[in-house]
Amino acid sequence: MFHFLMGIVSYLTLNFTYKWLKSPVIHQELINSSQTTVVASLKEGSSLWCIDDTKSKRICKFRYLCYHPVQDHFLFFHGPETVIDGVPDNRFDPALLDLSSVDDHNTQYFNYVDYPVSALDTFSNITVMDGFSLIFNRFNADNIMHVVHDDLLPLFHTLRQFSWSRSSIDLEYTLVMMEGWNEGAYFDLYKLFTNKPPLLKRDLQKPKQLICFQHGVVGISKYTTWYQYGFKEPQGALPHTSVTGHYVRQFVMFIKRRLGLDSGLINAYDSSYVILCSREHNRLITNEPDLSMAIARHLNKQVIHISMTIHAFKEQVQLVSKASALIGMHGSILIMAMFLPPDLPWMDIVYGAWRNEIEENTITYPHEAPEVGGIVHLSDEEQKQIMGTKEVPRHLCCSNPYWLYRIYQDTTVDIKSLLLVTETAENKQRKMSSRPKPAYDHTLYPSKVINVTCQLPPEELQPALWFSWEPPLNIPFIAGRDVRYEVWIQPSGQENYAAYILDLTEYTFTENLLRNTHYNVWVRCIVNENSGPFGDVAHCETK
1 MFHFLMGIVS YLTLNFTYKW LKSPVIHQEL INSSQTTVVA SLKEGSSLWC
51 IDDTKSKRIC KFRYLCYHPV QDHFLFFHGP ETVIDGVPDN RFDPALLDLS
101 SVDDHNTQYF NYVDYPVSAL DTFSNITVMD GFSLIFNRFN ADNIMHVVHD
151 DLLPLFHTLR QFSWSRSSID LEYTLVMMEG WNEGAYFDLY KLFTNKPPLL
201 KRDLQKPKQL ICFQHGVVGI SKYTTWYQYG FKEPQGALPH TSVTGHYVRQ
251 FVMFIKRRLG LDSGLINAYD SSYVILCSRE HNRLITNEPD LSMAIARHLN
301 KQVIHISMTI HAFKEQVQLV SKASALIGMH GSILIMAMFL PPDLPWMDIV
351 YGAWRNEIEE NTITYPHEAP EVGGIVHLSD EEQKQIMGTK EVPRHLCCSN
401 PYWLYRIYQD TTVDIKSLLL VTETAENKQR KMSSRPKPAY DHTLYPSKVI
451 NVTCQLPPEE LQPALWFSWE PPLNIPFIAG RDVRYEVWIQ PSGQENYAAY
501 ILDLTEYTFT ENLLRNTHYN VWVRCIVNEN SGPFGDVAHC ETK
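Counting from 1, one number per residue, gives the positions in the sequence shown under the UniProt record's numbering.
Keep in mind the hints are simulated off the structure, nothing from the lab. Please note that the accuracy of each hint is not assured.
Simulated pairs of lysine-lysine, DSBU-like, Cα-Cα distance not exceeding 35 Å [what the hints assert, rightly or not]:
hint: 1; residue 1: 428; residue 2: 416
hint: 2; residue 1: 55; residue 2: 206
hint: 3; residue 1: 256; residue 2: 43
hint: 4; residue 1: 314; residue 2: 448
hint: 5; residue 1: 314; residue 2: 196
hint: 6; residue 1: 301; residue 2: 448
hint: 7; residue 1: 201; residue 2: 314
I would like the entire structure built from these sequences, with the hints used as guidance.
What follows is the structure, given as structure tokens:
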């Protein structure tokens, strides 16, 4: 497609850059195996407690899970004190759990090998990792979008889930990354989540001896993920996403605190500048200086350029956190939009997508290597078809030539049409900012109605029952004007019942009632279509 997408994320939002961080050197020494009491506890056996009933969502807490660097296997020693809870009967279909947040990728499967505890005597040297460890896989350690979406946000949620410290997460976990890579460009970002040096797989393989982790968690949560990369179906948003803008904002505040940056918020309209992200190698904006000047004139704000090769991650966060907009060519850089200054407690970030509709403004590179968009290795017919295709067809990851040909193209931006997109996004943002917002984005449900009372109304010529009740105790604290009550009336010993919706707390019922009949009555409260639980059953009898 010659009309290549360009992200305009606004508060406005748009894009971000980063600097390849220096690869840190691991200095952590494994704990000496002379801790005889701990080794004695190991001979009581390993234990595993798993939550959730599917491989995709399963995370396990463990005690004395071991790793053999020569076999490259995790070992589980069955002993007199072993507990196994939540492990399916067939944990090999296809695995016990995923080590990364990317769902059901066959390079991310985790399982363990069973041994009796007596087999420990065959290992001449055992190293025990004291304390708590979190064992997981990074998915793509050299791409900032993957690092944040696949690793850091899931890390944040998993550590919160399994932390008992006063702070938001327990920083005393040792992070153990088992995918087998070197530090990668963003290794320092993982250090923000722990006070201890993280460990790579290679650190565990140096001693050539059995390594046992005393306590910890294996696996990482998928709760915060919202995108899938097209391994089994064309890439796109996940159908059922749990994470909210409010939760992402908590993550952003945590990152800023750990970076030593001011975690305070500003109003985007108070910002004096917007960010324009520069790329150095591909997906270039060929008329970037002209675009920069046009944006400055249109928004009446300074335009600051940030670049992966110039600005470190901390600098990028600092700049983006005080910008009113982030503009950049489509790419992983857009993940930095989460650091834009929204109106708390929601993200309130507007995304605008610009398309290049002018074919001659697209610059492609058919003679490059296939992995960066080249197509000359294909037949003449295939090349012609790819070059003539205006829309990239839906495809699976990761070597589709139609997609690669377009993803690595450069673009001369049509400034007039881009400014229309920014103006639309700015107008949307202005409307969003004027809306009242609660302090959180969770649904609050009414509790049980109380004091349900039944009486026989006087002077009724037909069977009738008068009921009254009091609102739930938490109603004064739930925002919502639409408060109603659902009443069920059922003859005792029968399954059928009559249901009524009322906006009253007392009512005389006469419809379909029989004389000299016992009735069971339940009442529950509904606020803004959110139903609370039924209260205790009330009993009444007509005359």
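Results for each hint:
About 19 Å separates the Cα atoms of residue 428 and residue 416, which keeps this hinted pair within 35 Å; it holds. At roughly 31 Å between alpha-carbon atoms, residue 55 and residue 206 fall within 35 Å of each other, so this suggested pair holds. At roughly 43 Å between alpha-carbon atoms, residue 256 and residue 43 are farther apart than 35 Å, so this suggested pair is violated. With a C-alpha separation of about 49 Å, the suggested pairing of residue 314 with residue 448 is violated against the 35 Å cut-off.
Under the criterion of a C-alpha separation no larger than 35 Å, the hint pairing residue 314 with residue 196 is consistent with the structure, at around 20 Å. Only pairs whose Cα atoms come within 35 Å are accepted, and residue 301 paired with residue 448 is rejected, the gap being roughly 54 Å. Note on residue 201 and residue 314: the hinted pairing holds, with a Cα-Cα distance of about 27 Å set against a maximum of 35 Å.
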